[in-house]
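Dock chain B against the given chain A, drawing on the hints supplied.
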Amino acid sequence: MFGEVVAVAGVDLEILQGEFFSLLGPSGCGKTTCLRMIAGFEEPTAGRILLLGQDVSRLPAYERDVNTVFQDYALFPHMTVAANVEYGLKVKRIRVQERRRRVREALRMMRLERLERRKPGELSGGQRQRVALARALVNQPRVLLLDEPLGALDLKLRQQMQIELKSIQERMGMTFIYVTHDQEEALTMSDRLAVLNQGRVEQVGSPAEVYERPATSFVAGFVGASNVLAGDAARAVTGQAAAFTVRPEKIRLARLEEITGADEWTATGTVREVVYVGAFTRYIVDLDGGGELVVLQQNLAMSSMQVLKTRGTAIRLIWNKEHNRLLAEPAEPKGTEEEVDR
Amino acid sequence: MSRTSRTIEPRSVRVAMRIVSGLVLLFLYVPLFVIFIYVFNPLRSQSWPLTGLSTRWFYATWNNSEVRTAFVTSIKAGVGATTIALVLGSLAAFAVHRFRFFGREAVSFFLVLPLALPGIVTGMALNSAINIGGQLFGISFSLLTIIVGHATFCVVVVYNNVIARLRRTSASLVEASQDLGADGLQTFRYVILPNIATALMAGGLLAFALSFDEIVVTNFTAGAEITLPKWIFNNLRLPNQRPVVNVVAMVVVLASFIPVYFAQRLTREGGGLISRGEEYWEAPPGEAEAAAVSA
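Line by line, the protein sequences give chains A and B.
First residue of the first sequence: 1, per the working numbering; consecutive thereafter.
First residue of the second sequence: 343, per the working numbering; consecutive thereafter.
Derived from the structure by calculation, the hints contain no laboratory data.
Check each hint, because a few of them may be wrong.
[Claimed, not checked] Some residues of chain A that are not near chain B, with every Cβ distance over 12 Å (derived):
(1) G18
(2) A61
(3) V69
(4) Y87
(5) Q97
(6) A230
(7) A243
(8) E249
(9) L253
(10) I259
[As the list claims (entries may be wrong)] Short derived list, chain B residues pointing at chain A, Cβ under 7 Å:
(11) E351
(12) S396
(13) A524
We put the beta carbon where it would ideally sit given N, CA and C, even for glycine.
In isolation and in its complexed conformation, chain A is listed as follows (with noise of 0.2 Å):
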């Protein structure tokens, strides 16, 4: 599929039982093909996949103790949601009466009692991503794989969404590796994440650890807005060239003539566009010694009136210095190894 592309390089994960991990990263970044080399659907060329120390990478997608929820779902279109939900214990031919049990179990568990008796044609987009749900808990998994489960939900179903999944991981005490690009839902459901790009991992950290203190540039840009200041721009500032980042809701708006203090660092430039966004504004400023930086303003007292005439006029923005993250640049992958733990 990817012909000579090597689609994942330097992916060294350990991931800890019961942990909630997702795999964050743009399109095309490898976090589904490592998700896919996890489930059995695409086998690595080099390296391994360890589950509970014993070596999986080579044993067919239906040997191995992992249940995947997948993008598109992916229900039996035949089968009714009760048989879908079935479907992995009677291949494994448990019990029949353990098999219902288990069955009602997950459905009520997900709430989709009422619903047994439907065809996954007749369910609306949040309730097939229910059936899959209860499809892949109900086999009680080491692992499961969540391949951007929410995508095709609206944002309030989403946000929903977010909170149950959470839940349920911490009450089935499950491990859960969840891949999406959206750096919000992986900030707010992760135990830890690790950012990819080009097939390799930027940064492993808890949300706070990869927010707070972005180790690349590319992670400073890809969660959160991409507030990275480098060469000219950043000694015009700091009086060092070393690239740094700072968050946009860290700085504060203030008048040119605003004297700072000594435990904080500060920058002249001219407000080049406003985006008024309900609860807070977006400004983003133009520095007078080169590069732009985002400024996120919560609108306390300020009215979109007079959040907007504040455009072109000069400005100055500070910040408290322990806010600055220097950048390194990414670091050359260690191995090749890809580990699941539990």
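This is chain B only, laid out in the frame that chain A set:
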């Protein structure tokens, strides 16, 4: 799916299109209709207007042993060719759909080609092949050679139907089945087969219909065997047999029409067994799913 409400064309264009469609349908079906009328002609000679209506030629046909033998031969040939087509056509479709191999496109092309190839060429080729086979292995013209001859174009019909269905079935269904612990055989039995069942039925029915009224290839491969279309062809010139020929013709038309009708119905979208493309992912209206989630 109400497309009738779209009124992009002006009224005059719509009326004109209806008239043209009607004329085309008339052109196609009036000749058949004429035969259906002559079937009830009480006289042996054909002339307008009919002097009355009678079913006597139905009895005559039923009691005609030649016709009955030909009918049985046609059924046997159709069933035989359809069976071969179902096995070979679906296996070929699975192989071409599932695997990428050298010459895959060529295989697909050569499988479909017999449908377009003039029947007379296929017939000639089969005829000389059977002759050579007769010299080398003692093969003779028989029902079996008719079946093989018909299978050449019946395989195409099954193959086309099955591969179209396989292409429309989401690839992730197979992966989902494996993911849930089903091996290849279980996946085939529980997921693939139910999804292609109606396509197999439709392909089989169409293949049977094709075989049942085939004459060109049959003429070259049948030897002394007489199928229904062949009987018609042989007796068409005999004025005495004309009324019986009419009845047989009607039987052939019906025997083709019924399978084609059901094949059409089976391949129509929304049978519940098929993955329905984008339509399948559309949320049905009126389901308060948000309420269910937050309940």
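Right, here's what the structure says about each hint:
1. G18: 21 Å, holds
2. A61: Given that some Cβ of chain B is not farther than 12 Å from that of A61/A, nearest at about 4 Å, it is violated.
3. V69: 10 Å, violated
4. Y87: Incorrect as stated: the minimum Cβ-Cβ distance to chain B is 5 Å, not above 12 Å.
5. Q97: 19 Å, holds
6. A230: Given that every Cβ of chain B is farther than 12 Å from that of A230/A, nearest at about 42 Å, it holds.
7. A243: About 42 Å separates A243/A from the closest Cβ of chain B, which puts it past 12 Å; holds.
8. E249: E249/A clear of chain B: closest Cβ-Cβ about 29 Å, beyond 12 Å.
9. L253: 38 Å, holds
10. I259: 51 Å, holds
11. E351: Violated, because the Cβ-Cβ distance from E351/B to chain A comes to roughly 33 Å (cut-off 7 Å).
12. S396: Interface hint status for S396/B: violated (50 Å vs cutoff 7 Å).
13. A524: 4 Å, holds
Of the numbered hints listed earlier, those contradicted by the structure are 2, 3, 4, 11, 12.
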